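> Working from the sequences, and respecting the hints, build out all of it.
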Amino acid sequence: MSDLTSLTIAKARESLRKKEFSATELTEAYITAIEKAHILNAYIVETPDKARAMAKASDAKLAKGEGGPLEGIPLGIKDLYATKGVHTQACSHILDGFKPTYESTVTENLWRDGAVMLGKLNMDEFAMGSSNETSYYGNVINPWRRKNSNAALVPGGSSGGSASAVAAHICAAATATDTGGSIRQPAALTGTVGIKPTYGRCSRWGIVAFASSLDQAGPIARDVRDAAIMLKSMASVDPKDTTSVDLPVPDYEKAIGKSVKGLRIGIPKEYRADGMSSEIEALWDKGAQWLKEQGAEIVEISLPHTKYALPAYYIVAPAEASSNLARYDGVRYGLRVPGDDIVDMYEKSRAAGFGPEVQRRILIGTYVLSAGYYDAYYVRAQKIRTLIKRDFEQAWDKVDVVLTPATPSAAFAPGEISDPVQMYLNDIFTVTVNMAGLPGIAVPAGVSKDGLPLGLQLIGKAFDEGTLFTAAAAIEQVAGGYQAPKWW
Amino acid sequence: MSVDQATVRRVAKLARIKVKEENVERLAGELNSILHWIEQLNEVNVEGVEPMTSVVTVKMKKRADVVTDGSNPHDVVENAPAAEDDYFLVPKVIE
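In order, the protein sequences belong to chains U and D. For the first sequence, counting from 1, position 210 maps to 220 in the working numbering; every step adds exactly one. For the second sequence, counting from 1, position 62 maps to 96 in the working numbering; every step adds exactly one.
Where hints are given, some of them may not hold.
To be verified - Mimicking DSS-like on lysine-lysine, the simulated pairs with C-alpha atoms at most 30 Å apart in a straight line are:
no.: 1; chain 1: D; residue 1: K52; chain 2: U; residue 2: K358
no.: 2; chain 1: U; residue 1: K279; chain 2: U; residue 2: K459
no.: 3; chain 1: D; residue 1: K93; chain 2: U; residue 2: K250
no.: 4; chain 1: D; residue 1: K126; chain 2: U; residue 2: K358
no.: 5; chain 1: D; residue 1: K47; chain 2: U; residue 2: K358
no.: 6; chain 1: U; residue 1: K250; chain 2: D; residue 2: K96
no.: 7; chain 1: D; residue 1: K54; chain 2: U; residue 2: K358
no.: 8; chain 1: U; residue 1: K471; chain 2: D; residue 2: K95
no.: 9; chain 1: U; residue 1: K66; chain 2: U; residue 2: K21
no.: 10; chain 1: U; residue 1: K109; chain 2: D; residue 2: K52
no.: 11; chain 1: D; residue 1: K96; chain 2: U; residue 2: K471
no.: 12; chain 1: D; residue 1: K96; chain 2: U; residue 2: K393
no.: 13; chain 1: U; residue 1: K496; chain 2: U; residue 2: K21
no.: 14; chain 1: U; residue 1: K317; chain 2: U; residue 2: K302
Please keep in mind that the hints were generated in silico from the structure rather than gathered at the bench. The structure presented is a predicted model; accordingly, all values stated were derived computationally and were not measured.
Shown next as structure tokens:
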């Protein structure tokens, strides 16, 4: 039997139904692969016993022909998702020892559909980072390396563990979350597919909150079809999340293989930022050309407020984070550092529990919300957000989907970017999508001169994920898949 | 607008984060460089623009005002660093 971990969800699902192997065999193959891949530091907690029990239950269901859409499929779960009785810390020291007494809606949906949990995946602390260097549990290593080099590279962030694990085949797919690009940027840097659905498509209930008006759950998977299969199960209408939108979840897989003939693809001129690398520009042109050759129409459009999305994001996101993270006070859960009085205890616990990037963002957020500055910063940023959304609404008169690069560069080395603002610029192409609440998908489309994967991003209308899967599959069909050479 | 060291101390106090005196200067520098970069937003004409309150155009959902959860105090304090008889324990706040 060939290596079971090399199978996509679609292929494994087929074989499990035909009983070519069991869910237990598939899970054991992943448990072995995870043990051999510790150097990547993608998993912070492994749950092999739980995985075996879930696989056994899946085998019983499959034997009766009662398997769910993900029956027996082994997944990795980002540490941001509450998993009952299992380590859930958003990779922060401040949630030390936290084991929720409840399960997030998204993971509950996955287990309902038969998926198997392999463990919890590393991430930037509280999802704040673009390189997975802010995790309390250490850096994640990208399975990809530059040509003729053994130097470690970052997998992107904040869903760096998810992206690395999917690229290294140590889970069939993974859950991730995206507040400013945290699904799409790591997917692009690891040659995987990541989709951030429309705000309100997946329930946020049981996902550790970062910036509530921007946070959205989504999958990272090996190909477009697997991403569609994952999103179908993750998405739902949830009475426990008032921002969960009352719309039925379509069968996204049906969108794959549809023709892009006549589809209008927008190329926003403002994304041709000064200093864009020639290889990113060439990749973008190539992607547009591929879609054109398949019958799509390429239309130049303008999204005039693009350049303001990132600075506005760095008001809105830290402001919401400073409020959300106020709950970590050393009283209800996690770390407590004793103090002279209760305020001293709060201050010492938070100083010891939050890492430098998280502290920086809480301070920025507190500052922009403080008396006298609220209108100048927060209200102005929310007005700019209205303008960013309006830009897209006007674009939808002319086009059905927007094509952009996913990231300004390929994967970089740990420590290579130390200036916070330079690190923030990693999200320059992805953050507009969160600000406007729209769906965006990153799909691998080529390699850099150093042999590293590069991704393109497609942006769609609200709740039109189906068209994104159609267009992304059309790019994937020409670009092919990208597999990191195994060195670990 | 520029953040001085006194502002860093004040904001850290508001955020309930103990900042070591030797880190105040570095933090002031970092916050200033982020705020300076953000200042480009002042170029945008926002005259007459409504601030965004909801990113998707939906009506806020309401549910019936009935109890759907609760009566599980043990679960609530399960993860507390200090608890007794289903109460959170904190340092004494009232003399």
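> Provide an ascending list of the numbers of those earlier hints which the structure does not satisfy.
none
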